[in-house]
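**Student:** Mind the numbering: the sequence shown is residues 130 to 422 in the working numbering, read in order.
Rather than coming from a laboratory, the hints here were simulated on the basis of the structure. We put the CB at the ideal spot given by N, CA and C, even for glycine. Treat the hints with care, as some may be off.
Cβ-Cβ distance ranges computed for the label pairs, FRET-style [unchecked claim]:
| hint | residue 1 | residue 2 | range |
| --- | --- | --- | --- |
| 1 | Gly352 | Ala201 | 14 to 22 Å |
| 2 | Thr351 | Asp265 | 47 to 55 Å |
| 3 | Asp265 | Asp362 | 29 to 37 Å |
Only pairs whose alpha carbons sit at most 16 Å apart, straight line, appear in this in silico EDC-like list of lysine to aspartate or glutamate [stated by the list, open to error]:
| hint | residue 1 | residue 2 |
| --- | --- | --- |
| 4 | Lys319 | Glu376 |
| 5 | Lys319 | Asp265 |
| 6 | Lys319 | Glu264 |
| 7 | Lys319 | Glu353 |
| 8 | Lys319 | Asp225 |
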Amino acid sequence: MDNHLDPRFDAALERPSLASWRSIVLKLTLFVGVLVALTAGTMITVGFYYTSLMLRDQIDNRLSAMADDRRALLLAGLHHLEERVRILTSRYRLIDVLDRQAGGLTPRERLQGNSERTLDDVRRDTDGLLAFWIEDQAGDMIVSSGPRHLLDLFSADARTPRVASRDPALIGFPRHTGETYAALFRTAAKSRTRGVVGQLMLVIDVGPILSEPSDPRRLGDTGEVLVGVRDHDMTRYLIPPRLNPREIEFPASRTPAMNRAVAGEHGFMRTHDRLGHEVLAAFRPVGYEDWGL
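Using the sequences plus the hints, can you model the full thing?
**Tutor:** Next up, the structure:
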């Protein structure tokens, strides 16, 4: 019996073994490829996540530091303004007018004429004082100094129901007047002997105080510093925004970061601004009245 097989039969026996080997190689290659892809994808995802966190922290730190810096500038300016008002109320020429008014030494109809020069000198000698008037305890204007259009513009603010907790206190909101912004402040009018005899209503230039904190340097092309207050269901900006400066009043529902600031909260959030743009915002209370930044 012949034990030798046909070579063609031997080749046929070898073919399944070769095909099986190639299948294993293909599977291993596919497995390694999938494993490499998964590993690379995981590393990219994790890297992107931690890079995003690092970038967010950097932006948070930068915005928060800038917000603290601008808040300090604004507070320093406001406190300096308050000190100027206190110095003004101690001016002897002004107190002399108050004494004459309180003591009834001069009839009211003659007080304005007799005091006009004194009041004008006080106004010109006081940095940033654009106009002012004195009211009696009933709220009636007794004497005044300054341009009539400013007196008329701010006299309506004197009747505002908005309650302030400071003296001197900001009444109403800053207004654009010429090339600057002015605001009305109220402080007690005191005579030498009769104590409080009424109120001093002071129209003061606050342009320099507001412009420095709102400087957009280091905020890129679209960054801005906003200072605002709640006015019923609206948010009103005290510093004209860098973007759309003519629009200073918006529904509170469109100002989520400012809402938290005026509520006394500190923080950092990703949100939408009043214009619908997605933004990163650092927010905190100013520490003056119920202002937020």
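**Student:** None of the hints should be skipped; say for each whether it holds.
**Tutor:** Consistency of the hints with the structure:
As the Cβ distance of Gly352 to Ala201 is approximately 18 Å, the hint placing it in 14 to 22 Å holds. In this structure, Thr351 and Asp265 meet the distance hint of 47 to 55 Å, their C-beta atoms being roughly 50 Å apart. Checked against the hint of 29 to 37 Å, the C-beta distance between Asp265 and Asp362 comes to roughly 35 Å, which is consistent with it. The straight-line distance between the Cα atoms of Lys319 and Glu376 is roughly 39 Å, outside the 16 Å bound, and the hint therefore fails.
Proximity of Lys319 to Asp265 is assessed by CA-CA distance (about 11 Å); at most 16 Å being required, the pair is judged to hold. Taken as a hint, the Lys319 and Glu264 pair is honoured in the structure, with Cα atoms around 11 Å apart against an allowance of 16 Å. A distance of roughly 41 Å separates the Cα atoms of Lys319 and Glu353; the hinted pair therefore is violated under the 16 Å criterion. For a cut-off of 16 Å, the pair hint linking Lys319 to Asp225 stands: about 10 Å separates their Cα positions.
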